[in-house]
Amino acid sequence: MSFEGLIVILVSAAVVNNFVLIQFLGICPFLGVSKDIKSSAGMGFAVLFVMVLATIVTWPIQIYLLTPNDLGYLQTIVFVLIIAALVQFMEIVLKKYIPALYLSLGVYLPLMTTNCAIFAVALMNVKENYTLVESIFNSLGAGVGFLLAMVLFSGIRKHTENADPPESFKGAPLTLIAAAILSISFFGFSGVIENLFG
Amino acid sequence: MNNFSIFMRGIVKENPVLILLLGLCPALAVSTQAENALGMGIATTFVLVCSNLAISLLRNVIPDKVRIPCYIVLISGFVTLVQMIVEAYAYTLYQALGIFLPLIATNCVIFGRAEVFANKNNAFKSLLDAIGMGAGFTLALLLIASVREIFGSGTWFGIEIPILISNNIPILTLAPGGFVVFGFLVAVVNKFSKTGTRNEFGCKGCPQAKACGKGGTLS
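Chains A and B, in that order, give the protein sequences.
Here the first sequence is numbered in the working numbering, starting from 6 and rising by one per residue.
Here the second sequence is numbered in the working numbering, starting from 15 and rising by one per residue.
Hints are computed from structural coordinates only; laboratory data are not their basis.
Misleading hints may appear alongside valid ones.
[Claimed, not checked] DSBU-like, lysine-lysine: derived pairs with alpha carbons at most 35 Å apart:
1. B:205 with A:43
2. B:205 with A:40
3. B:79 with A:100
4. A:43 with B:79
5. A:175 with B:27
6. B:27 with A:43
7. A:43 with A:175
8. B:139 with B:205
9. B:79 with B:139
Bound conformation, chain A alone (with noise of 0.2 Å):
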């Protein structure tokens, strides 16, 4: 795979398609914990890492493990399993080596297991035949995707919470119809592949 191939992949996975905003994967946490750019730029890193991670765990297990012996169908315990047991092991980790690390991400390590994105990223790595080198750019893209969405939204976010809408608009109705303009605002960028590598 050429390198342009790669930063193809990387950037369909992080802006063209993003996850959050085109592919309504990780609502939860986009929606739920971008009200400061402290936190939704701790959860958007923590994502990025956890999906790394996972994509690096659970793509090898895939290939050498459940497709030659024809196991596919385990797929989806295999892979939550996987990614909850990595989640738990990391917390443990950061805790005793990098607690600087733990204090700044360990909050949103608990969350990641029920987080669709990082589960739906280790799925599309395998549905898309990916090499791991790919999967790795793909879950990267998608990480950062991820992580830039929440930083943007929380930038919006902070001028709707001081906004004053109708009543019955008030909290979340607002910040859907906020997050709506965003999610048009990336559709600007489909078709930027096509004119840069095509």
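Starting from the known structure of chain A, fit chain B onto it as the hints suggest.
Relative to the frame of chain A, chain B by itself:
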């Protein structure tokens, strides 16, 4: 709390999608067509019923410390079952739902009911709770999908609607449309909800709140 109110709670008062704002990924992603939304709702309800039943029956067997891994295994096992059934008997639905079918395993509604309800109540009550929550989830999905399909592509369950078919708003079937329609529906729910409390994203409804250390409580 009597059995009827346990059942009705999931449909109206604590609707997982429109009130608790949980499980939004499938709710927004597969709601471009009413048919897919119905399929997704039924699949999720099936997993929810099975997992609630299994977890409430095993609640005295599963040690408290390892309950979360146990729930994960049980839930993803049932999801695998649903994947196989849908692939065998409804292949078009299987293709339409795509990646969102295995993603039922990470739907926080299912995990939330296991953690909040099924591990504290008997099998019958857990079953009622699961059916109620599943019905609430399905109805909410169907509502979002109906609005998006009728105004976005001028059809409903694939049936063409005379005037709207030529005057559709295609953006409603795309991602931004999902956010907008859901936003307006939540606003409508806010307008008519008697409690007067605004629903808000965050820790209140999240099943992980306890693990997260933010001390969320949910009855």
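So, going through the hints one by one against the coordinates:
1. B:205 with A:43: OK: residue 205 of chain B and residue 43 of chain A at ~32 Å, within 35 Å.
2. B:205 with A:40: holds (24 Å)
3. B:79 with A:100: Between residue 79 of chain B and residue 100 of chain A the Cα gap is close to 19 Å, so the pair holds against 35 Å.
4. A:43 with B:79: Answer holds: residue 43 of chain A to residue 79 of chain B is near 31 Å, not above 35 Å.
5. A:175 with B:27: Cα-Cα ~19 Å, so holds.
6. B:27 with A:43: holds (34 Å)
7. A:43 with A:175: holds (23 Å)
8. B:139 with B:205: holds (31 Å)
9. B:79 with B:139: holds (24 Å)
In the structure shown, no violation is registered for any of the earlier numbered hints.
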